[in-house]
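In the order they appear, the protein sequences are chains Z and L.
Take the first sequence: its letters are residues 25 to 140, numbered as in my numbering.
Take the second sequence: its letters are residues 865 to 1157, numbered as in my numbering.
Hints listed in this document are in silico derivations from the structure and should not be mistaken for laboratory results.
Ideal placement from N, C-alpha and C gives every residue a C-beta, glycine not left out.
Keep in mind that a hint or two might mislead.
Some chain Z residues close to chain L (C-beta under 7 Å, calculated; not the full set) [claimed, not checked]: (1) Leu28; (2) Gly29; (3) Met36; (4) Asp50; (5) Arg53; (6) Val100; (7) His120.
Residue-level listing of the chains:
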Amino acid sequence: MNGLGELERAAMDVLWDRGEPVAVRDVVRALADRDLAYTTVMTVLNRLAKKGFVRREAGEGRAWYYAPVASREQYVARLMLDALSLTGDRETALAHFAQSMTAPEAEALSQALDER
Amino acid sequence: MNAALHLAATLVLCVAAAGPLARARWVWRAPRTGILLWQMLGLSWALSAVGLLLALGLASYDAPVPVALARWADDAVRGEVTPAAVLVVLGLLSALDLAIGLLWTWCSVLRVRRRHRDVLALVARRDDAAPGAFVLDHPQVVAYCVPGARSAVVLSSGALTALTRDQVDAVLGHEHAHGRERHDLVLLPFSALCAVLPKVRLARSVARAVALLVEMRADESASLRHGAQPLAAALRRFGSTRPPEGALGAADVAVEARLDRLAGLPPLPAALRWSALVSGLVLVSTPVSFLIW
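My request is simple: use the sequences and hints to build the entire structure.
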């Protein structure tokens, strides 16, 4: 269960749970049951940063701190908007079962996305 | 001039047939035949539109289009250009426009999907109630497929609450059919056509007709495995979350059509299916025979 995708997900969960910038060693500690090397966690966090999911900032000493760019709810809202083709010309990107969203609901989703 | 006449006739036939075919209900009874027919019609249209310009521009060479095009290019390199060259250049440019439109649409679709999959990997979970699918925690009733080499089917937790087990299976069957049969690749050229010809209403109604047939094909596949009843019930469940007042949008019309079909439209007899396909082949063979020699 320690594939890169799975680790990214676990690291992201740690960052979302903390709600404040977290140092690499704290993520290692939070994922202690997986017995990961410091450099592995570093790689995972850097991959997430490259994909634009987390922000990296310099903290005290020489350590880097990582924080999520958006909340989990905002990412879910973005997927929902994608799924309903409400984000532009995405009709062919995804195939949805049937349109099921009302205008106010779509509005609420868009707002969830804007709250940053 | 012979080639130009044939190509012009094919072009007129394609444009004239597109409107009635987009409104036709009989294709609902054989969605796969309908999709193939549209693909052949679209290909004939594109080939004969480009071919007509080339054939007119190259008429003076009195040779098959590929041969004449090669000679024309030789002449053009030597600086011997006639006024008819405008038509040849226009033909080549429109071919290029169509190709770029296709590529552009494909790239933007891939970009959206990659991003979508990346996010999905972080926030979706697996659930025993929806085997083989990703589940998103959101109250909205949503089900969709992210097509690709390994397509992903996604269901919202709202859909899991709203639907019975049978209905969930039917919806998953529908979405898996989209992924398995790569319906996104069917839709791609028609979306590209809309992007290349944004002002043309016919292009949009054609794209909508093809999209409906693709949904019907997925319905067909799902109802073979899981029955038409649960699928229709799920469709109604999705529809009922929309506001009751106001005019029906395109999506509602499509849902109504799919419900009509599931309620028991008889499949089209094989003889009719085959004659439709043969007509399509005859149509597409005209431009192909003049352009690929």
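Verification of the supplied hints:
no. : hint   : result
1   : Leu28  : violated (10 Å)
2   : Gly29  : holds (5 Å)
3   : Met36  : holds (5 Å)
4   : Asp50  : violated (19 Å)
5   : Arg53  : violated (21 Å)
6   : Val100 : holds (5 Å)
7   : His120 : holds (4 Å)
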